[in-house]
Amino acid sequence: MEEKVIQISGSITVDELASALGVSVTHLIGELFKNGIMATINQRLDAETAQIMTEELGFTNVRFEKKENSAKIPGIKRELSKDAKLRPPVVAVMGHVDHGKTTLLDTLLKKKTVDDEAGGITQHISAYQMEYKERKITFLDTPGHEAFAAIRQHGAMLTDIVIIVVAADDGVKPQTAEAIKFAEAANAKIIVAINKIDKEGANIDRTKAQLATDFNLNPEEWGGDTIMVPISAKTGENVEKLLDMILLTADIDELKADTNIPAEGLVIESHMEVGKGSVVNLLITGGELKTGDFIVAGKTYAKVRTMVDWKNKPKGKATPSTPVVVTGFKELPNFGDKFEEVSDEKTARKMALLNAQAEANDSANTNVTATDMLRMMNVADNTKTFNVIVKGDVAGSVTSVVDSLRMIDTQGEITLNIVSTGVGAISENDVYMASGGKTVIYGFNVTVPNAIAKMAERNGVPVRVFRVIYELLDDAKHDMEEMLDAEVVETETGELEVKGVFRTEKTEIITGGQVKKGRVAPGMLGHAYRKKVELGEFEVISTQEGKINVPSLAEGEIGGLSLKTSKKIQLEIGDTLKFFVREYKKKKIL
Numbered sequence: 006m007e008e009k010v011i012q013i014s015g016s017i018t019v020d021e022l023a024s025a026l027g028v029s030v031t032h033l034i035g036e037l038f039k040n041g042i043m044a045t046i047n048q049r050l051d052a053e054t055a056q057i058m059t060e061e062l063g064f065t066n067v068r069f070e071k072k073e074n075s076a077k078i079p080g081i082k083r084e085l086s087k088d089a090k091l092r093p094p095v096v097a098v099m100g101h102v103d104h105g106k107t108t109l110l111d112t113l114l115k116k117k118t119v120d121d122e123a124g125g126i127t128q129h130i131s132a133y134q135m136e137y138k139e140r141k142i143t144f145l146d147t148p149g150h151e152a153f154a155a156i157r158q159h160g161a162m163l164t165d166i167v168i169i170v171v172a173a174d175d176g177v178k179p180q181t182a183e184a185i186k187f188a189e190a191a192n193a194k195i196i197v198a199i200n201k202i203d204k205e206g207a208n209i210d211r212t213k214a215q216l217a218t219d220f221n222l223n224p225e226e227w228g229g230d231t232i233m234v235p236i237s238a239k240t241g242e243n244v245e246k247l248l249d250m251i252l253l254t255a256d257i258d259e260l261k262a263d264t265n266i267p268a269e270g271l272v273i274e275s276h277m278e279v280g281k282g283s284v285v286n287l288l289i290t291g292g293e294l295k296t297g298d299f300i301v302a303g304k305t306y307a308k309v310r311t312m313v314d315w316k317n318k319p320k321g322k323a324t325p326s327t328p329v330v331v332t333g334f335k336e337l338p339n340f341g342d343k344f345e346e347v348s349d350e351k352t353a354r355k356m357a358l359l360n361a362q363a364e365a366n367d368s369a370n371t372n373v374t375a376t377d378m379l380r381m382m383n384v385a386d387n388t389k390t391f392n393v394i395v396k397g398d399v400a401g402s403v404t405s406v407v408d409s410l411r412m413i414d415t416q417g418e419i420t421l422n423i424v425s426t427g428v429g430a431i432s433e434n435d436v437y438m439a440s441g442g443k444t445v446i447y448g449f450n451v452t453v454p455n456a457i458a459k460m461a462e463r464n465g466v467p468v469r470v471f472r473v474i475y476e477l478l479d480d481a482k483h484d485m486e487e488m489l490d491a492e493v494v495e496t497e498t499g500e501l502e503v504k505g506v507f508r509t510e511k512t513e514i515i516t517g518g519q520v521k522k523g524r525v526a527p528g529m530l531g532h533a534y535r536k537k538v539e540l541g542e543f544e545v546i547s548t549q550e551g552k553i554n555v556p557s558l559a560e561g562e563i564g565g566l567s568l569k570t571s572k573k574i575q576l577e578i579g580d581t582l583k584f585f586v587r588e589y590k591k592k593k594i595l
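With the numbering used here, the residue at position 123 of the sequence shown is 128, and numbering never jumps.
There may be inaccurate statements among the hints.
To be verified - Okay, derived cross-link-like pairs now, BS3-like style, lysine-lysine, Cα gap no bigger than 27 Å in a straight line: (1) LYS246 x LYS281; (2) LYS90 x LYS39; (3) LYS246 x LYS178; (4) LYS239 x LYS308; (5) LYS569 x LYS504; (6) LYS482 x LYS459; (7) LYS138 x LYS316; (8) LYS308 x LYS351; (9) LYS552 x LYS443; (10) LYS308 x LYS335; (11) LYS318 x LYS115.
The set of hints was computed from the structure by calculation and includes no laboratory data.
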């Protein structure tokens, strides 16, 4: 068998590996889970893990080959100097949907956002900064709905401390478990906030026991090393104690950053605004960012035109651990991109170009074998395609929507084709791209100008806008279900041994015999067998006892049958007729 070679630069994403192997990403994620690896579609696997999983899936002719190092600019993480200064802790608030993450932040920051959020669910990362006991703390609020796994993982990677919010009346749920895994993978310190202790049915000890037993998070009061604080985000009970524990943890870790270096940090989020262009949320990790500085983030760069804090107040300078919103980027950077300050625009442009070239070189590639060609031809013949265009309010949300759409498992019957993605309102160009191609335009937290809506209607292009991600996914599942072929279900009803054959024509047989089990009635279908070899399929037109038509023949009875066939079947005495009813059931996507 021809060898398949997959070239990677040190690691490969789950999505890339699934594509290279020709398996569904949901199947690969399931196999990873069986092997104790909780992975998301964009999670990177090292070459060794990828090789092991490939063999687990039964691929014995696949070899991984490391690419030569690309020209990508090295990471910005560097050793701290002796002049490094203490910085505020960056704290991510994570947990299951509706366990009170955003309510906790509202209480801390004395603001109210839950009622404004679609479905009461945080839809992307939000960054805030507060002062407590004359010290600053930076908070990141991450979504809890299952579709936002990529953003939650991103949030964990940005932080020093992760507060896992668990409802005392509900216990640990899937997104709680996932958040714990992300926090551990990011080497962040974990503090558990056991919330909703004011509610009836709250059981603090049960929640602690579940965390200790299932996740090895043993509370300090039980001799472990995990800080757990029972709180009520609604009433504010013990919230100050939680803040004290955050500061204590930060003091133990002595969080520091250099300020006398070029500014550097991470892109938290990005989106487009009319009149402002690219609006990008940044978290400073080192140096000091000022208005007018040139910065590079991934494949794009900016001269910082404006900079404001989370309260939308102008900010001339941002220090480490400070979240800011800037304008001035030529294009939208990807969320999670590192940024760094450079001396001038020429350098910025050159670095952005190098990063773009490196990204193209770093993506996994593979040779196409003859087996791959046959598989692709078979897929093309036997699958249907669901075309979508995705527009979102911010880059992170677009990524989450696309990832979640890819995770819809149709058992290989439908291929998802992402025609285009983008940030901002649905545009004329989106409608042009969707026209004539049976393409659905999905908008997430975006608007559809009236002129565009009318244009889409004229061109027969479906445009659907949602504010809650699971409603968008339910709509996509419904459309995909409509495309699925009905499932054929055959239920056996009886069996007859042929005792005589009275007439055989091209499309009709008159025969008789004894019902060995079940029953036979007009309208039923059947297969004729000689020993174990199938002779053909037929439909029962009538059943007779003697020369009288009867509604059916039961087990043990002897009677005659009139059968309709699509081709001539030459029955003989001793053949077996097996009867069944055939139903067509609408398939459901789970």
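Hints versus structure:
no., hint, in the structure
1, LYS246 x LYS281, "violated, 41 Å"
2, LYS90 x LYS39, "violated, 44 Å"
3, LYS246 x LYS178, "holds, 25 Å"
4, LYS239 x LYS308, "violated, 42 Å"
5, LYS569 x LYS504, "holds, 18 Å"
6, LYS482 x LYS459, "holds, 26 Å"
7, LYS138 x LYS316, "holds, 20 Å"
8, LYS308 x LYS351, "holds, 11 Å"
9, LYS552 x LYS443, "violated, 57 Å"
10, LYS308 x LYS335, "holds, 9 Å"
11, LYS318 x LYS115, "holds, 17 Å"
When each numbered hint is compared with the structure, violations occur for hints 1, 2, 4 and 9.
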